[in-house]
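*Asks:* Under my numbering, read the sequence shown as residues 7 to 323, first letter to last.
Simulated from the structure, these hints should not be mistaken for lab results.
Check the hints yourself; a few may be wrong.
[Said to hold, decoys possible] Computed spacing ranges between beta-carbons, pair by pair:
1. TRP263 to GLU204: 17 to 25 Å
2. VAL156 to PRO202: 43 to 51 Å
3. ALA281 to ALA28: 14 to 22 Å
Where a beta carbon is used, it is the ideal one built from N, C-alpha and C, also for glycine.
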Amino acid sequence: MTHTKALRVSFAAVFTCGLLVALITLPFAALPIAYIGLTLGLTAAAITAALASVLLTALAGPGSAMSFIISFGVPVLWLIRLALLSRRQSLDGDYEFYPATQIIIQAVIISGTLAAFIFLANAGTPQGLPGVFAQSLQQAPQISDLIRTVYGTDTDILGVANIILITGFASWPLILLGTLQCAQALAQYSGDNLRPAETHDRLTMPVWFDFALGLAFFGAWVTSGWTATLLAVFAAIFLGAYFLLGLAVIHAISRHWNGRVWFLAGLYFLIFVMAWVIVPISLLGLLESRLNLRRLPTTQPTNPVVPPKSDDDEENR
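Required output: the full structure, derived from the provided sequences and hints.
*Replies:* Following this line, the structure appears as structure tokens:
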């Protein structure tokens, strides 16, 4: 690794720790790692994550560093590895990169697995993880007073804890995938992207997602306690994938509209300001999976390209 690349890696590690300071920048904490990975390769991204973990240990303690590694470091590194995977059907053929749909599926699996692990780890406590979280909210006077001020004095803290857990776990795969998408956009802007530029107008979800979503909703309805909350988390995570599919449908349908840029800018602004907008977009994704609103062909043509070389290629020689 050259001095210039080592400097970029070091700066990215410091920048990662800086993004962890404020709550508003916390979702973008892994963006520097993803950018390094999609421009310099997986090895450089792993070094960046390791340096950030060491700095975080020195600044905030090993607990914070471990939380960062589990929630951002390892998942983002795994998704970067997948994003940079490529193959060719024959020796004289072109390269095909790992499909975006499969990357989304991996993010869903990672989020669901960690959610299940955290819930099961607290299964022995009264009311499980929701009860533990509700108790922590009650022990914070400022937070509990704020909740009662917003929702009323007779608000059920346990119900609020359930809502926060469901929305929190559901947003996790969206944060991971959004981090990769933003890093890819920055890499394309700088011209250093290892994965070729692509549009997601032809994004699709596998059929088994429909059945998994239905089973999760049904299980959350017929069960109770922390089990129902966990199944609701699974349903929300699957619904997040259909939210991405709904966005792909909107991008495809609006391709030839006048004022498309302003329309999309307004849509994304509404998503950030009013979270309920996610629901109709997710429903649109569900309809697309059944009705094929974009009229996509059954077999989709691919346009593979030769991948650029990264530091990993040089190190493996």
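*Asks:* Each hint needs a verdict: does it hold in this structure or not?
*Replies:* Cross-check of the supplied hints:
1. Taken as a hint, the range 17 to 25 Å holds for the pair TRP263 and GLU204, whose Cβ atoms sit roughly 21 Å apart.
2. Between VAL156 and PRO202 the beta carbon distance is about 46 Å. The supplied range of 43 to 51 Å therefore holds.
3. Checked against the given bound of 14 to 22 Å, the beta carbons of ALA281 and ALA28, roughly 20 Å apart, stay inside it.
Comparing the model with each earlier hint shows no violations; every hint is respected.
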